[in-house]
Amino acid sequence: GESVGLHLPTLSVQEGDNSIINCAYSNSASDYFIWYKQESGKGPQFIIDIRSNMDKRQGQRVTVLLNKTVKHLSLQIAATQPGDSAVYFCAENFGSYGQNFVFGPGTRLSVLP
Amino acid sequence: NAGVMQNPRHLVRRRGQEARLRCSPMKGHSHVYWYRQLPEEGLKFMVYLQKENIIDESGMPKERFSAEFPKEGPSILRIQQVVRGDSAAYFCASSTTPPRGVSTDTQYFGPGTRLTVL
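Chains as they are written, first to last, in the working numbering: chain F, 1 to 113; chain V, 1 to 118.
All the given hints hold, so there is nothing to weed out.
No farther apart than 27 Å at their CA atoms in a straight line, the calculated lysine-lysine pairs in the DSS-like style are these:
#1 K44/V x K68/F
#2 K71/F x K44/V
#3 K27/V x K42/F
In short, the hints are calculated from the structure, not lab data.
Remember, it's a predicted structure, so these values are computed and weren't measured experimentally.
Make a model of the complete structure from these sequences and hints.
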């Protein structure tokens, strides 16, 4: 069945370094992907999205890359800051109505001082 | 523009009681989604609703769980005869109508309701 997973369940980076969080998806028909950040005790917060007709999209300090050939998604965070510490989820658009999202288990990002 | 609102934020119930979780979508959003999250896990889709209609409830247990999104008022997720396994965080998200030719639109999440069943 369709699934979304992450290669690294935990990631520790030094403050100021760049972070890369990876995600694999299995549904080749999915055409929309979102990265969310979830801090402890809070709801997921939208970071950036990308549609399947794009390979790359940039936001403020974040970049999402989509490789449809190998069904791989990544989130790059430039100059990682302590406030970036959180769990990051990728979500894959799935469902006949185009509204059902499948979330990966998440990667915990820890920023070291 | 207020975000997605959920209440209560924390809910404690004893086994066999009913739990009612409320979600008010963002202004202008007509699509509501409910997700469940167990500790240290990702979000699991439960149900997708538009005003007065359930569009997709494929992720919702067949028994004890129900959801509605009335014409007026918040969306309600109701869990009857709760069991300890229902303890989780329940998140609501909302989105606007996708632009023409686009399959979906970004979902914005509320802060969640943490249900504890004793």
